[in-house]
Amino acid sequence: MLTLGSLYALIALGYTLVYGILRFINFAHSDVVTFGAWTAFVIAGALGWAGTGSPVFAMPVVLALAMAASALLGFTIERLAYRPLRRAPRLNVLITAIGVSLFLQNVGQLDYTFGTQPQRMPRLLSESALFTIAGVRVATSDVVLVALALVLLVLLQWLVFRTKLGMAMRAVSWNEQTASLMGIAVDRVISITFMIGSALAAAGGVLYGLRYHQLNQTADAIWVLLGLKAFVAAVVGGIGNVRGAVAGAFLIAAIEMFGAAYRSPQMRDVYVFGVLIIVLLVRPAGLLGNATVEKV
Amino acid sequence: MSGQPGPGAVMSTVRSIVPLLVALVLAYLMQTVVATMIGDFYGKMLVDVGIAIVLGVSLGIVNGFAGQFSLGHAGFMAVGGYTAAAIVYYGSIKLFGTKAIYGGFLGPGELLLLGACLAGGVAAAIAGWLVGLPSLRLRGDYLAIVTLGFGEIIRVLIQQTDDVVLSVEKVKQTDWYVLRDNLGGGLGFIGGPRYIDPKNPFWVWLFVAVVCLVAYRVKYSNQGRQLLAVRENEIAAEAMGIQTTRAKVSAFMMSAFFAGVGGGLYAHELGNSLRPADLGFQRSIDIVIIVVLGGMGSISGVCIAAIGVTLLPEIFREFSEYRMIVYALALILMMILRPQGLLGLKELWEIDWRDVGRSLVSAPGRLLRWLVGLPVVIVGVVRRLPRQLRATLTGRELDDDEDAP
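Same order as they appear, the protein sequences are chains A and U. When we follow my numbering, the leftmost residue of the first sequence carries the number 1, and every step to the right adds one. When we follow my numbering, the leftmost residue of the second sequence carries the number 1001, and every step to the right adds one.
In short, the hints are calculated from the structure, not lab data. Glycine is no exception: its CB is placed at the ideal position from the N, C-alpha and C atoms. Check before you lean on any hint, since a few could be wrong.
[As the list claims (entries may be wrong)] Covered by chain A, according to a simulated footprint, are these stretches of chain U (three or more residues, beta-carbon under 8 Å):
#1 1112–1124
#2 1268–1281
#3 1288–1295
#4 1335–1347
[Claimed, not checked] Ranges between beta-carbon positions, derived for each pair:
#5 Q1282/U to A260/A: 21 to 27 Å
#6 T140/A to W1129/U: 37 to 43 Å
#7 L150/A to V1164/U: 46 to 52 Å
#8 R283/A to A1363/U: 43 to 49 Å
#9 Q1160/U to V138/A: 30 to 36 Å
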């Protein structure tokens, strides 16, 4: 559950960062997750790390490279597809995001990119039990994944709330025009936000691959669903709110896992989306968001 | 609601009945002349195009006129489709004693289909009311998110229904009220009669005419102008005395109704297996794309886009690997170069063709400017990345150098 929660948190942060600044739902985000996972697979293959025999530093290296590649992808997407539409109606940006998503899904399935067959992600982490709590075997990989996610989350927290860049990001999210008048290079801040979000998405994708081993082809519905649930987590926590996204992610993961375990495993998606609708009805701004009243 | 004094009651009745008669005649001509002329392959296209138009125009009412972004149109389609399919399948066994097509053109079986499609539409409209009433009070993206969630929930719920569609004998033995849970589950609701085939596009095109007619009448009515006002500026519309939630909910229900009808038609088309996986998020996106490409608020534009989006993938079937990529690129380029869609808010006959010419003349230049961005991006990334990373890590303020537009 913690693993799933940290997975959702990493992906949800990308949605929330972009929404916080540009106020649109980045539908291409789940495809960046996919891209990150597949890039990690390709890199691991290229470096010859295929399984248990691989060195300890294999995972960090693969993760870092995949995150870097995805950051580059995020930058390119923002620059080519979203920046020309900065002043267009939001619906257009949304459709463009869908276009980008379709594009990435289908480019990823070409023979010379990732192919049309699902693959097995190499096991770069040991899966032997590290310790046992209350009869539950906790694998080393789970511990590493959760720790890694937490480190990334703390890093992001520091970045957003303790650095000049973070201050600029928050300023742009508050009011783009004013921020621009205050001498903040708005376009650059947006680019960096996209890169950070995409890097976190890649981390999420790699963690997903390491945890579940199965890498479906890029246009498979499973990636869309993963992205949607992370998005739900971001909305439940209060979209545009960094801490909210993390809280929402763990909440959604808990509801999904407990619902699946104690009620019916087939209905897990219903619980997730049901929680979404209930939260939106009761607290439209999300659990940690503050409601804003639109004025003339 | 209606403000202006209309012509006499007789005239107004004539004015509302004549278009319906024309619609009937057109649909009949589609059936008797066009469908027999063009053969099965293009007949199938004809039916597919018709269903795409019903779905696109119906979404256009809420998306184009009212400017509310719904991502759950396939969910309403599923509600209508499954309702209609269940009525037709179990109904024709109960009434006619067979699950095959019963009766010929306009025969009892087809009338059952008509009733089932309308019932599906009503079911979808009720679902639309349930979803729309709470979420349409909120502004902007929340409707998109709630409808998205709704669509997914519907899909999963249908997947949980019983896999086994009861056989004819079983149905005959059971009372009517026990027949509700066997909708085929994840495997799909198969085995029912498929009334709509390449030779029988009548019902599809009848509903095409009806939905276009309704959308047209709405667009140029008091209600449609309210919706357009809501779309342009909701706060201003409210200040003008428009009950925005009410206007939006009624548009949303209307849209859901025709989505349900479209789903009913889709469920009875030859060659379609009614599976929840086909009525998910992706299908909603497809319909949104039709509306946006055609122009939000333009009925004829949406029709053109529905034709294009349905036919082009079939024509380019041999490049199957690349056609989706090209499709996606076309979508992105369209949004950048012509953000208002094909026709914008206008109808086909309202276009100023000189504008089209100007737009076409300037398009290559704008395309070029966008393409020039590509190398600039690559150079920019390589040049700036190390500096930016350093600046980020040391917390130093970024120095100001201007970006290329």
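Tested hints:
no.: 1; hint: 1112–1124; result: violated (count 0)
no.: 2; hint: 1268–1281; result: holds (count 3)
no.: 3; hint: 1288–1295; result: holds (count 3)
no.: 4; hint: 1335–1347; result: holds (count 3)
no.: 5; hint: Q1282/U to A260/A: 21 to 27 Å; result: holds (24 Å)
no.: 6; hint: T140/A to W1129/U: 37 to 43 Å; result: violated (52 Å)
no.: 7; hint: L150/A to V1164/U: 46 to 52 Å; result: holds (47 Å)
no.: 8; hint: R283/A to A1363/U: 43 to 49 Å; result: holds (46 Å)
no.: 9; hint: Q1160/U to V138/A: 30 to 36 Å; result: holds (32 Å)
When the structure is compared with the earlier hints, violations turn up for hints 1, 6 and for no others.
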